[in-house]
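*Asks:* When the count follows my numbering, it moves up by one through the sequence shown with no breaks and lands on 384 for the last residue.
Hints are supplied without guarantee of correctness; some may be wrong.
Listed below are the simulated DSS-like cross-link pairs for lysine-lysine, each with C-alpha atoms no more than 27 Å apart in a straight line [stated by the list, open to error]:
| hint | residue 1 | residue 2 |
| --- | --- | --- |
| 1 | Lys11 | Lys58 |
| 2 | Lys337 | Lys272 |
| 3 | Lys158 | Lys337 |
Pair by pair, the computed Cβ-Cβ distance ranges are [what the hints assert, rightly or not]:
| hint | residue 1 | residue 2 | range |
| --- | --- | --- | --- |
| 4 | Asp300 | Arg2 | 18 to 28 Å |
| 5 | Thr101 | Ile335 | 26 to 36 Å |
| 6 | Pro351 | Tyr154 | 18 to 28 Å |
| 7 | Asp341 | Val295 | 41 to 51 Å |
Everything labelled a hint here was simulated from the structure, so no lab data went into it. Note that beta-carbon positions come from the ideal geometry of N, C-alpha and C, so glycine has one too.
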Amino acid sequence: MRPILVNIPSKLLFAVAIVLAVAGLARDLWRGRQATKLEITSTPVYFAVAAGVLFFLKSGTWTPLPIYAYGVMLGTSLIIGWFVAMRLAREDGIPEQDAATIYMWTAVWSIIGSRLLWFITDPSPKSFLDLFMVWQGGLVAYGGMIAGFFASWYGCRKRGIELLRWADVSAPSVVLGTGITRVGCLLFGCDYGAPTDRPWGIRFPGPNPAALHQIFPAGGPHGSPAWQHHVDAHLISGTAEASLRVHPTQVYESLAGIFLFLLLMFIRRHRKFSGQVFLGWVLGYGILRPLIEIVRDDDDRGLYTLPGTHLQLSTSQIIGIVSCILGLTLLVGLIRKYRRDPVGSRLWEIPLPELAPASGPPTTGGSAASAGSIKGGTKRRKRR
């Protein structure tokens, strides 16, 4: 467990941000001398804002700025997912600029959605300001996936791109990002599993204020979340050096993400219709995530008792079951559509309308052009 990877001197970061802001402004001014119109880019503004934030937060004490493992892994997943999505977008005929914009806003809303679902389902007492403290952990994957789906739908509709075409592009990057982010969960110590006697079980450390006092608020736990949970449940004493041995559920989810990524890339190579890759993600994650939830033991995921029974389901288990039902329904519909119109169901083989507007839904003419190309492709196949 290593929640903080490194502490960087805040004065050094402040100086670097100021230098980069001045250098960016000087570069824009130099370019303006050689151009007919002066244009100031947003880069120096970003660095200036970063310097201002550092000065506001650290000018009193200039304490080191901790770099959190969870944030690093989340950022790494977004960067790697970017390259994966851009490559697949080119393969499926989506303009790179449109794909980049959709991906960016989908990522932003995914983080917002995952944080909101955590805030809603986590039973522990918290204030509204806790909603913005992402570095303390607390992101529900399904919240990000739901919010990201609607952000993608809006971005595709605005640019005249079929949602299923983009869904087959983004799904592999989503599951790979999930696998990478869970490494951050392991380093942070959240999303831990239930006690186990399996040989691959792991133990999380007990009190270590030197490493954890910057993460948890005053009066909060001083050991890892698993250790604190076991102390509160009277499973171990407050003097124990580590928690009980628990299921490494973070590792399970990382392996599930990598497995699903490889599976989706295999499906892409052999797909028959658009939406097949997307459904591989919906159904695959909808099955694996509820199974992993069985051996999870953290309290902040939300547990609900089914009426008339003693069976408890977590938020992710409920969403996973519902997503599987919806996914199977969509699968049946797409298979029927493929049988009626095989060519029209393979959207990645159909060029996007060249006259589609940069913003706004596709025009009637563009849709007609697509339909015409589909029909033309069908007729040409018949002639052969």
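*Asks:* Indicate, hint by hint, whether the structure satisfies it.
*Replies:* To see whether the hints hold, each was checked on the structure:
Restraint check for Lys11 and Lys58: satisfied, since their Cα atoms lie roughly 8 Å apart, inside the 27 Å limit. About 11 Å separates the Cα atoms of Lys337 and Lys272, which keeps this hinted pair within 27 Å; it holds. Restraint check for Lys158 and Lys337: satisfied, since their Cα atoms lie roughly 25 Å apart, inside the 27 Å limit. Taking 18 to 28 Å as the suggested C-beta distance range, the pair Asp300 and Arg2 conforms, at roughly 21 Å.
Roughly 32 Å separates the CB atoms of Thr101 and Ile335, a value that falls within the hinted 26 to 36 Å. A beta carbon spacing of about 23 Å between Pro351 and Tyr154 agrees with the range 18 to 28 Å that was offered as a hint. Take Asp341 and Val295: their Cβ atoms lie about 44 Å apart, and the range 41 to 51 Å holds.
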